[in-house]
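K.L.:
What follows is the residue order along each chain.
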Amino acid sequence: MRHLSRYSALAKGLFVAEGRKGRKVVVIDVRPTATSKQADEFLEITPGQDFEIATVLRAIIKGLPLPELPEDSTVGGVPLSKWRELVSLMKACHYGVVMFGIGVTESRGKDLNLEQIIKLVGEMNEFTRFYAIPMRGHGNVNGSNQVLTWQTGYPFAVNLSRGYPRYNPGEFSVMDLLIRREVDAALIIATDPGAHLPKVAVEHLKNIPTIVLEPHENLTTSWANVVIPVAPAGVGVSGTFYRMDNVALQVKKLADFPFPSDLEVVKSIKERIADVKDYQRASL
Amino acid sequence: MSSHQDVVCTFCGCLCDDLEVEVADNQITKVKRACTIGRNKLMHAQSDLASVRINGQAATLEEALNEAAGILGKAKAPLVYGLCSTTTEAQREAVALTELIGGIVDNPSSY
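Chains as they are written, first to last, in UniProt numbering: chain C, 1 to 284; chain A, 1 to 111.
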């Protein structure tokens, strides 16, 4: 909630000493929000047109002719002239940042929408400095992408069943695995699928043995087969978290909890399984 | 009573690192400079704690760890999912565990 004041619109920076007055904020959304009220320009678009909008923006950036689109036409519910104005504004700035939310992956096109946005930002660097930051939900979801990429080469949806990492969102991503009922046990660490995932995905989790590592009672601990309480990171245990702009920060321990940390529990489970595997190998 | 300076709020990806938190008798009593959500998260961090359970029955930590190891060791296609509100140290260990059990590891950025 302090994103605007601490990091984006209002923050005073080395080259923007005056803060909000030195910035242009454009919000693109399907409805007015608290953020859009603070913007210099709000472009209210029709839902599900993200791919089309990004494609047209890329064409305007490159100065390509748009023979199919008359000048008075609209793209995603916004006049073409408005998109041309936006591109002029982007090209005129010294340093632009596209901050995109999870909404762009939820509409038709899914990851292809992101590919368009990332290509757009890449192409903008022909003209001026431009950057893209995904808006992150939970505290260290960026850290999990960092660690997975560091350990396996891929940021999420990694299958290690063949002993080497395979990456395929849509096949090895949680929603698809659960809806297709392809997994036969689950270890849930520091998230609440019972609250966040759609009912059909949660139904499959309820049908397989599910283990949850979680400090508080939530909508998953009520039905999980094994509940192991852990001390919450940043309150009961210290460690590293990655901020949404990829800066690593050390979180603190503030109070004692009667529980072990996630790290200790995962390590202990791993050692127990490794011991059994060693024993089985030795007795072959 | 102790006062912690430059505390990092772990609720969202902004990770505001300028909080001040007062702790008395191991209880968080005051949170300064956080947003409403961050303050509530910290103020309620010590209430409604979970308990160790196996199939709804109270169990010891040792029993729960054995049960978890049994389930994951036997599974043909286990899923390790979440990792979004824990430390990178624990995330790294979770990747090692997934490799050992030949599973699939994913986090909420996949949907």
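Treat the hints with care, as some may be off.
Covered stretches of chain A, going by a simulated chain C footprint (3 or more residues, C-beta under 8 Å) [said to hold, decoys possible]:
id, stretch
1, 2–16
2, 22–33
3, 36–42
4, 48–61
5, 69–75
6, 78–91
7, 95–107
Cut-off 25 Å, straight-line C-alpha distance, at most; resulting in silico cross-link-like pairs (DSS-like, lysine-lysine) [said to hold, decoys possible]:
id, chain 1, residue 1, chain 2, residue 2
8, A, K41, C, K253
9, A, K30, C, K267
10, C, K199, A, K32
11, C, K206, A, K76
12, C, K252, A, K76
13, C, K252, A, K30
14, C, K252, C, K110
15, A, K76, C, K277
16, C, K270, A, K76
Read the hints as simulated data drawn from the structure, not as lab findings.
Every residue gets a Cβ at the ideal spot worked out from N, C-alpha and C, and that includes glycine.
K.L.:
Determine for every hint whether it applies to the structure shown.
P.N.:
Hint check results:
{"no.": "1", "hint": "2–16", "result": "holds (count 11)"}
{"no.": "2", "hint": "22–33", "result": "holds (count 4)"}
{"no.": "3", "hint": "36–42", "result": "holds (count 4)"}
{"no.": "4", "hint": "48–61", "result": "holds (count 9)"}
{"no.": "5", "hint": "69–75", "result": "holds (count 6)"}
{"no.": "6", "hint": "78–91", "result": "holds (count 14)"}
{"no.": "7", "hint": "95–107", "result": "holds (count 13)"}
{"no.": "8", "hint": "A:K41 with C:K253", "result": "holds, 15 Å"}
{"no.": "9", "hint": "A:K30 with C:K267", "result": "violated, 34 Å"}
{"no.": "10", "hint": "C:K199 with A:K32", "result": "violated, 38 Å"}
{"no.": "11", "hint": "C:K206 with A:K76", "result": "holds, 17 Å"}
{"no.": "12", "hint": "C:K252 with A:K76", "result": "violated, 38 Å"}
{"no.": "13", "hint": "C:K252 with A:K30", "result": "holds, 16 Å"}
{"no.": "14", "hint": "C:K252 with C:K110", "result": "violated, 37 Å"}
{"no.": "15", "hint": "A:K76 with C:K277", "result": "holds, 14 Å"}
{"no.": "16", "hint": "C:K270 with A:K76", "result": "holds, 16 Å"}
The structure fails to meet hints 9, 10, 12 and 14 from the earlier list, while all remaining hints are met.
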